[in-house]
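Number of protein chains: 2
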Amino acid sequence: MKEIRKDPFTGHWVVFNSALRDKIFEFWKDRHYETPKIEKCSFCEGNESETPSETMAYRHSGTQSNKPGWWIRIFENKGAVLQPDEDLDRHPIGMYDVTTGFGIHEIIVETPKHLTQLEELPFGQVRDVLWAFKERISALKKDPRLKYVTIFKNFGLGTFGSMEHSHSQLLATPIIPRKIKDELMQSKDYYQDKERCLFCDVIKQESRMKERVIFETDNMIVISPFAALSPYEMFILPKKHNHLFEEINPPEANDLTDTVIIALKKLAKLLSVPPYTLTVHTAPNLINRPGYWSTIMFDFHWHIEISPRLYRMSGLEWGTGFFFNPILPEIAAEELKNTVI
Amino acid sequence: MKEIRKDPFTGHWVVFNSALRDKIFEFWKDRHYETPKIEKCSFCEGNESETPSETMAYRHSGTQSNKPGWWIRIFENKGAVLQPDEDLDRHPIGMYDVTTGFGIHEIIVETPKHLTQLEELPFGQVRDVLWAFKERISALKKDPRLKYVTIFKNFGLGTFGSMEHSHSQLLATPIIPRKIKDELMQSKDYYQDKERCLFCDVIKQESRMKERVIFETDNMIVISPFAALSPYEMFILPKKHNHLFEEINPPEANDLTDTVIIALKKLAKLLSVPPYTLTVHTAPNLINRPGYWSTIMFDFHWHIEISPRLYRMSGLEWGTGFFFNPILPEIAAEELKNTVI
Chain A
1 MKEIRKDPFT
11 GHWVVFNSAL
21 RDKIFEFWKD
31 RHYETPKIEK
41 CSFCEGNESE
51 TPSETMAYRH
61 SGTQSNKPGW
71 WIRIFENKGA
81 VLQPDEDLDR
91 HPIGMYDVTT
101 GFGIHEIIVE
111 TPKHLTQLEE
121 LPFGQVRDVL
131 WAFKERISAL
141 KKDPRLKYVT
151 IFKNFGLGTF
161 GSMEHSHSQL
171 LATPIIPRKI
181 KDELMQSKDY
191 YQDKERCLFC
201 DVIKQESRMK
211 ERVIFETDNM
221 IVISPFAALS
231 PYEMFILPKK
241 HNHLFEEINP
251 PEANDLTDTV
261 IIALKKLAKL
271 LSVPPYTLTV
281 HTAPNLINRP
291 GYWSTIMFDF
301 HWHIEISPRL
311 YRMSGLEWGT
321 GFFFNPILPE
331 IAAEELKNTV
341 I
Chain B
1 MKEIRKDPFT
11 GHWVVFNSAL
21 RDKIFEFWKD
31 RHYETPKIEK
41 CSFCEGNESE
51 TPSETMAYRH
61 SGTQSNKPGW
71 WIRIFENKGA
81 VLQPDEDLDR
91 HPIGMYDVTT
101 GFGIHEIIVE
111 TPKHLTQLEE
121 LPFGQVRDVL
131 WAFKERISAL
141 KKDPRLKYVT
151 IFKNFGLGTF
161 GSMEHSHSQL
171 LATPIIPRKI
181 KDELMQSKDY
191 YQDKERCLFC
201 DVIKQESRMK
211 ERVIFETDNM
221 IVISPFAALS
231 PYEMFILPKK
241 HNHLFEEINP
251 PEANDLTDTV
261 IIALKKLAKL
271 LSVPPYTLTV
281 HTAPNLINRP
291 GYWSTIMFDF
301 HWHIEISPRL
311 YRMSGLEWGT
321 GFFFNPILPE
331 IAAEELKNTV
341 I
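Chains as they are written, first to last, in the numbering used here: chain A, 1 to 341; chain B, 1 to 341.
Each pair may be met inside one copy or between any two copies, as identical chains are not told apart.
The calculated PhoX-like cross-link candidates involving lysine-lysine, where the alpha carbons are at most 25 Å apart (straight line), are:
hint	residue 1	residue 2
1	181	6
2	337	204
3	134	240
4	40	23
5	78	23
6	2	181
7	6	188
8	78	2
9	78	142
10	2	142
11	337	23
12	78	134
13	181	240
Bear in mind the hints are in silico, worked out from the structure with no lab data behind them. Keep in mind the model is a prediction, meaning the values are calculated, not measured.
Please construct the entire structure, taking both the sequences and the accompanying hints into account.
Here you go:
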């Protein structure tokens with residue numbers, strides 16, 4: 001089965017060819033990820049002095065900042081790619097555009113114990129991780145210099161300096177990332193044309209067609225996107241339209257917690273704990289900044305993308321942005337749906 | 001040194017942070033690529049019966065198709081992601097867009113002997129590889145169904161089923177790949193504004209500033225792009241404006257051969273034979289298809305991109321399209337310039 005599909009959310013085209021499906025499993029079987037073992041883990045409770053000072057933490061009452069007694073802890077990344085003490089200055093260099101390295105790069109430690117998989121934590125702990133995402137995004141969006149706050153998780157990717165202790169990262173930037181801009185533009189064009197939300201329409205169509213729905217809860221639906229960029233990719237979409245992830249309320253957060261745990265457990269079971277990337281997609285920050293982006297951001301629909309990363313991008317994907325995926329989303333959805341956890 | 005730079009060719013933003021530079025080398029030192037050893041190589045001279053029939057070859061006179069006696073040989077990829085015998089049909093599925101899996105996916109074997117590195121081949125052989133690229137692109141562009149012909153090379157990437165015998169790939173598609181579209185749009189916008197070519201202006205600015213020029217020849221210039229997406233990325237640009245790679249003439253091809261050999265030798269020497277992606281960027285195919293793309297393609301400027309691939313994309317890059325590069329292009333250019341081959 002060969003087909004080229006267009007991703008409605010970004011405009012990318014993806015080639016599907018299920019004939020190559022066995023090859024990826026053969027490849028994947030031999031190459032399970034390895035995370036460097038670190039003797040003393042600075043993310044563990046008790047080692048707070050090994051990290052920068054916390055910017056936020058959920059702690060038991062009576063405990064002190066940067067001491068034990070927390071269950072979620074957030075601090076600046078030691079190897080931060082951007083820094084809060086730089087001045088924000090956008091300027092040209094000849095015909096080029098540059099922005100100083102102003103921004104915030106934080107680590108969100110998801111558990112005080114040395115556990116590695118988010119989906120193995122208790123329900124309340126995962127809910128608080130998601131709640132910490134929400135609180136931290138809201139807090140940082142008070143700074144009008146920060147146009148976007150990205151929350152992402154690199155699990156098992158074996159990139160340089162990665163820690164195995166379960167954690168996510170936050171990067172707040174004076175710039176809206178390219179993929180978010182693409183999604184904003186596609187949502188805007190769709191809304192202008194139809195006066196309906198692109199994501200809401202996808203949810204309605206997928207609910208009717210059923211073949212790419214992995215599971216759903218009261219508030220959330222999990223689908224294999226029609227033009228998934230990677231094998232077994234999952235999108236978690238809230239059924240109720242909202243452009244801001246950080247506006248979820250406690251019942252929605254509970255529901256999302258179940259959803260994230262189930263999705264990650266299915267993935268871990270089906271593919272033997274594969275490396276993956278999880279990214280929260282929310283609308284940009286427009287506090288005190290009316291203008292073009294603020295008029296179109298209501299057409300956006302927040303969601304979470306989980307992309308297994310079974311192999312490195314090929315030269316084709318890297319060089320041209322034309323993606324290849326050997327697993328059809330309908331097959332991926334069927335297998336994930338049938339994976340008993 | 002921290003800075004966020006905008007890539008003028010695609011509009012992507014890239015974060016540079018040289019503080020993390022040592023980490024990547026430490027990471028890279030431990031993780032040299034491995035290509036699967038294949039006992040009997042079907043790309044070697046004498047094993048022609050192991051591959052599909054050749055679609056083009058440079059052969060000694062008197063030799064037969066699909067027999068020994070060739071020095072460059074092109075045939076359909078056994079694991080082709082697209083196939084020429086599919087009908088081309090573009091259609092909707094509900095709100096989605098689909099194209100049948102029509103296309104051409106070929107292997108260009110760059111040497112009859114079992115050699116692995118393009119830059120180690122003799123000058124005449126490398127020139128003929130580039131000439132074969134040109135001839136094959138021209139031939140395929142006679143088919144109006146094929147909107148774009150991509151030539152790319154995956155060296156040492158260890159993706160599934162990759163062969164170590166030196167080869168490139170060709171993918172001709174009924175669709176213009178996303179990154180090429182981005183470059184076409186950026187070139188068009190720039191030309192509309194300035195009435196000058198974006199790439200020609202970059203060449204002029206880089207020649208004046210000097211700090212990102214790695215080397216140049218009579219007809220070509222090799223630069224570290226201002227917002228390189230990967231460490232030690234190199235762009236080979238022809239000094240004379242032309243949107244079509246396939247229009248190079250024999251003297252230009254000779255000059256390009258020298259350039260490619262020097263660029264790859266410097267890379268191999270400086271980084272101990274790193275995996276890389278090489279991609280030829282040329283204008284789309286518009287035979288018998290006047291319209292929007294045909295009006296703007298003259299603003300494009302063909303070039304070759306060489307991207308070392310020292311690590312997997314992080315979740316940030318994958319999830320948001322916001323890139324991170326620990327090596328400033330000026331430093332990369334200096335090091336590559338000083339690498340004696």
